[in-house]
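Listed below are the residues making up each chain.
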Amino acid sequence: MASGPASIDPPARGPRWGWLLFSFTRREVLGRYAGSVSGLAWTLLHPLAQLAIYAFVFSHIFRIGVPEGYPRVSYLAFVAAALWPWIMFSEGLQRAMASIGANAGLIRKVAFPHRLLVYAAVLACCAIHGVGFIAVLAVLTALGDPIHLLRLPLVIVLLVPYMLLATGIGAALAGLQILLRDVEHGLQVVLSVLFYASPILYPASLVPQSLRAWVEMNPLGWFSERLREVLFLGSPLVPGDAIAALGCVAVFAGGLWVFQRLSPHFEDFL
Amino acid sequence: MSDARTLVSLRGVTKDYPKVATGGDRLRTLTALLFRRHDMPHFRALDSVDLEVRRGESLGIIGENGAGKSTLLKAIAGVVRPSSGTIEVNGRVGALLELGSGFHPDYTGRENIHLSSALMGLSRRDVRERIGSIIEFADIGEHIDEPIKHYSSGMVVRLGFAVATALEPDVLITDEVLAVGDESFQKKCIAWLERYRANGGTLLLCSHSMFHVQTLCAHAAWIHHGRVRMLGNTFDVTQAYLTWHEERNASQAPAQRAPEGPYPRVMKAWTEDGAGEPAATFAQGGTLVLQAQAYEPDDRAPVLLFGIVRADGTSIYGSHSNEGDFQPARSAPRQFAFEVRFEPLSLLPGKYRLRVHALDAEGLRLFDTLDIEFVVRGETRDYGLVALPHQWRPGRAVREAVGAS
Numbered sequence: 001m002a003s004g005p006a007s008i009d010p011p012a013r014g015p016r017w018g019w020l021l022f023s024f025t026r027r028e029v030l031g032r033y034a035g036s037v038s039g040l041a042w043t044l045l046h047p048l049a050q051l052a053i054y055a056f057v058f059s060h061i062f063r064i065g066v067p068e069g070y071p072r073v074s075y076l077a078f079v080a081a082a083l084w085p086w087i088m089f090s091e092g093l094q095r096a097m098a099s100i101g102a103n104a105g106l107i108r109k110v111a112f113p114h115r116l117l118v119y120a121a122v123l124a125c126c127a128i129h130g131v132g133f134i135a136v137l138a139v140l141t142a143l144g145d146p147i148h149l150l151r152l153p154l155v156i157v158l159l160v161p162y163m164l165l166a167t168g169i170g171a172a173l174a175g176l177q178i179l180l181r182d183v184e185h186g187l188q189v190v191l192s193v194l195f196y197a198s199p200i201l202y203p204a205s206l207v208p209q210s211l212r213a214w215v216e217m218n219p220l221g222w223f224s225e226r227l228r229e230v231l232f233l234g235s236p237l238v239p240g241d242a243i244a245a246l247g248c249v250a251v252f253a254g255g256l257w258v259f260q261r262l263s264p265h266f267e268d269f270l
Numbered sequence: 001m002s003d004a005r006t007l008v009s010l011r012g013v014t015k016d017y018p019k020v021a022t023g024g025d026r027l028r029t030l031t032a033l034l035f036r037r038h039d040m041p042h043f044r045a046l047d048s049v050d051l052e053v054r055r056g057e058s059l060g061i062i063g064e065n066g067a068g069k070s071t072l073l074k075a076i077a078g079v080v081r082p083s084s085g086t087i088e089v090n091g092r093v094g095a096l097l098e099l100g101s102g103f104h105p106d107y108t109g110r111e112n113i114h115l116s117s118a119l120m121g122l123s124r125r126d127v128r129e130r131i132g133s134i135i136e137f138a139d140i141g142e143h144i145d146e147p148i149k150h151y152s153s154g155m156v157v158r159l160g161f162a163v164a165t166a167l168e169p170d171v172l173i174t175d176e177v178l179a180v181g182d183e184s185f186q187k188k189c190i191a192w193l194e195r196y197r198a199n200g201g202t203l204l205l206c207s208h209s210m211f212h213v214q215t216l217c218a219h220a221a222w223i224h225h226g227r228v229r230m231l232g233n234t235f236d237v238t239q240a241y242l243t244w245h246e247e248r249n250a251s252q253a254p255a256q257r258a259p260e261g262p263y264p265r266v267m268k269a270w271t272e273d274g275a276g277e278p279a280a281t282f283a284q285g286g287t288l289v290l291q292a293q294a295y296e297p298d299d300r301a302p303v304l305l306f307g308i309v310r311a312d313g314t315s316i317y318g319s320h321s322n323e324g325d326f327q328p329a330r331s332a333p334r335q336f337a338f339e340v341r342f343e344p345l346s347l348l349p350g351k352y353r354l355r356v357h358a359l360d361a362e363g364l365r366l367f368d369t370l371d372i373e374f375v376v377r378g379e380t381r382d383y384g385l386v387a388l389p390h391q392w393r394p395g396r397a398v399r400e401a402v403g404a405s
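Quick mapping for you: the protein sequence lines, in order, are chains A and B.
Residue 195 in this note's numbering sits at position 195 of the first sequence, and the numbers go up by one each step.
Residue 355 in this note's numbering sits at position 355 of the second sequence, and the numbers go up by one each step.
Extracted from the complex, chain A is given alone in its bound form:
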């Protein structure tokens, strides 16, 4: 095994690293609320509380309605279908960004492929909120919302590129964050702008025509709308999904490139 300057980061494949990725992910999930009595329940309750607040404020105070295209769908279900994927995305992104700094001790002392930490951060968010998402969809179906549960595999197909997008951006930011601590603060601002700028709490059809192009170019808007179409209308995959997926893979590859360029130098700065 020659390890010249180019290959100090061992390849992240093979059973060995697969097991390490699994261990990291398990640690992320279990460690989230280690020391609290109800443990994982909090990770499910937190988005539920958010959903309740938004549903109350936007449907009872601002009186935003569900558009004509979605018959019999409650506002609660309308928001839930896009809120959980958003939480997976934003939380996965933030945790991926913080994963290198949070494991500084490991990086300084042990040789392993650093990107596993980024993957584990996103995977843990997918696991936790994926379970929450399915639970919420099941409850909403029981309450009478017309949800096509048989379309769930399609939802997962749509979520994979969405999460790849989070991983790619998260990896690049994780690398930059080590040198520029400003990244973390910038991300907070960007994420809160993005949340309200994407059609998550409101339908894209409410956006004025002059701004509509912006919403349609926003990949988060695209995924939110598509998830609703699949869940509530039973829409099949469309060619646009493939284009969006390709874009996400490109971002993932680009983000990983930045990460891999900086990864051998993490130890220098931590």
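Rather than coming from a laboratory, the hints here were simulated on the basis of the structure.
Predicted model, so just to flag it, every value in this text is computed and none were measured.
For each residue, glycine too, the CB sits at the ideal point set by N, CA and C.
Relax, there's no trap hidden among the hints.
With the Cβ distance kept under 7 Å, some of the chain B side facing chain A (calculated, not the full set):
1. 30
2. 33
3. 34
4. 77
5. 97
6. 98
7. 119
8. 124
Fit chain B to the supplied structure of chain A, relying on the hints for placement.
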């Protein structure tokens, strides 16, 4: 090309650490890293290090704090990527750069064994097979199922070392980790390391304990300012390193004590060579001169006593100035200067201590002690402490004296 027995080979390994004091530095470094340019502000931690470790030949790494020892070990372990040069490792590396560094305080010892051994590269099956022996080696009883944060630091160390023992690496890198843990656990670790070496394992040990380096490694490398200053037999290298330390200490002015108080005392003492230059290293058979200045409150010449002991405290020889009609030089009121010449110096190579004591004018009461360390160098195959004058002659083979009959 390196032959099959070469386990670790470093060629021209240089490591520059970027300096990022200002925001501008950070941005410049970032672009340099992204676009592989090399014009960032830096300092050099390792400077073209060439090193070869062969299978079964353990190597001790010694040097001052900040000399680059840890960076070197980290580079071999794959944690640090060198700025230039190549590192080749033909085997599995186990690195104990800091015991327990992969542990999470909120998880139990057992859970931490799982993660930490996954980090060291063990597969799930390996871990399942070995977890029993790991727990047995750590020997921390039922604490194994408690969160690590409730452990004492010694227990964390036990667990960390136990995980490392399970890895069975071809080369084990340890960075000053033997210094922790209680006496019995240290013995257990040393015993394990001895067995590991006997079974063909190779050790890369970084330590400030010359004893550990000499016990566990046949070869040593002395790292100084990021370069290999000396490489070879452990005893030669450790001795040279210690001597260098002695010389550096000796070049500092000797401690001066004020000439006051009701009792005689040694004000200062130092060693010098035959030409009168202060020195701390002497050639076997050369000249060692002890210079001492003592204070006596009644202005009567005090008695000076010296003793030579080996570094471990074994006494070799001692004598005092209270013989014959010797009179010290009176250098100032109540101050007296002594000189003792050892010529030829018959001590064998090694590290020694000169103890200088001041006694009252009658030579009855001992008041004060001052220690000076020095080193004797030389090439000899003699044993012991001193060279006794002797001659070799052809023997007679019969017991009676010649000419008795």
